[in-house]
Every structure is written in C-alpha cells, then in structure tokens.
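J.: Produce the complete structure using the sequences and hints provided.
Sequential numbering of the sequence shown, starting at 1, is according to the numbering used here.
By construction, these hints were calculated from the structure, which means they are not laboratory data. Quantities reported herein were computed from a predicted structural model and do not represent experimental measurements. Please note: incorrect hints may appear among the correct ones.
DEER-style ranges, computed between Cβ atoms [what the hints assert, rightly or not]:
#1 G18 / F77: 19 to 25 Å
#2 V111 / I31: 44 to 50 Å
#3 L14 / V58: 26 to 32 Å
#4 Q33 / V111: 47 to 53 Å
#5 T43 / T6: 39 to 45 Å
#6 R71 / V22: 29 to 35 Å
#7 Q33 / R108: 44 to 50 Å
#8 W24 / A60: 19 to 25 Å
Glycine included, C-beta positions come from ideal geometry on N, C-alpha and C.
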Amino acid sequence: MTRHWTPLAVVYVLIAIGGLVVTWSFNALAIIQMRDYLGDLFTSGPAVSSIGFDLLFVAAAGSIFIIVEARRLGMRFGWLYVVASGLTAFAFTFPLFLAMRQRTLTARRSVNEHREGGEASLDR
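T.: This is the structure in structure tokens:
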C-alpha cells in the first residue's frame, strides 16, 4: 500500500466508488426515462419521501461536518466535497472525504511519531 493509505481509508474509497456507481446508475436511468427527479423523490409516496428527507438531513449534517473538520485539520478545498456532492452524489463525496481525512490523520500521526521518536497518542 502506498504511504498513508490505511485499510480504513481504502474501505472508505471502496464505499465511495460503490456510492458513485450505484447512484449514477439510477440517475442515468432517470435521465433516459425523462423523469422528474426531485418530483419523484419527494412525491412517490410516504416511504420514498421519508428516505428522501432522511438523506437530505444526513447530507446537510454531513456537509457541515466536512466543512468544519476540513478546517480543523487544515485540509484544503473541503468545500469542494460539498459542491461535488451536488454534481455526483453525497454517497460518493462523503466517504471520499472520510478517506482523505483518514490519510490526513495518518500523515499527522507519522509526523508526530517521527518527532517523538515513538508511537503517537492520536487515535487510530
């Protein structure tokens, strides 16, 4: 594995890829069938509306987390994950952010270990 790619980061990337492929398969189908995407999402019955609003609130909370956490860790372009979620899918950008966050934490841990000459106390 290349530097800073922990198993957890790889799992997040695999989830991101799965999220992109699955959501865009359905997005393509909606486009081909010329469906009213948002109309279908929120007016296709109570169960679909529940899922739609559930994902909307999760995406809002996740977007705030991305912005705040990216700033806290000094990750550049954290806002880009939020913008990209509107163009791709939050099911892709959120796990991708988590993978990059994990890499940042791993890199910091390596620097701390190097400075201290041993194990760092950061959570893994």
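J.: If a hint holds in the structure, say so; if it does not, say that too.
T.: So, going through the hints one by one against the coordinates:
Distance hint check for G18 and F77: the Cβ-Cβ separation is about 23 Å, which falls inside the suggested range of 19 to 25 Å. As the Cβ distance of V111 to I31 is approximately 46 Å, the hint placing it in 44 to 50 Å holds. The hint said 26 to 32 Å for the Cβ distance between L14 and V58, and at roughly 20 Å that hint is violated. Taking 47 to 53 Å as the suggested C-beta distance range, the pair Q33 and V111 conforms, at roughly 51 Å.
For the pair T43 and T6, the supplied restraint of 39 to 45 Å holds, since their beta-carbon distance comes to about 43 Å. Separated by about 30 Å at the C-beta atoms, R71 and V22 satisfy the suggested range of 29 to 35 Å. Here the CB-CB span from Q33 to R108 is close to 47 Å, well matched to the stated 44 to 50 Å. For the pair W24 and A60, the beta carbons lie near 22 Å from each other, so the given range of 19 to 25 Å is met.
Hint 3 alone, counting from the list given before, is not met by this structure.
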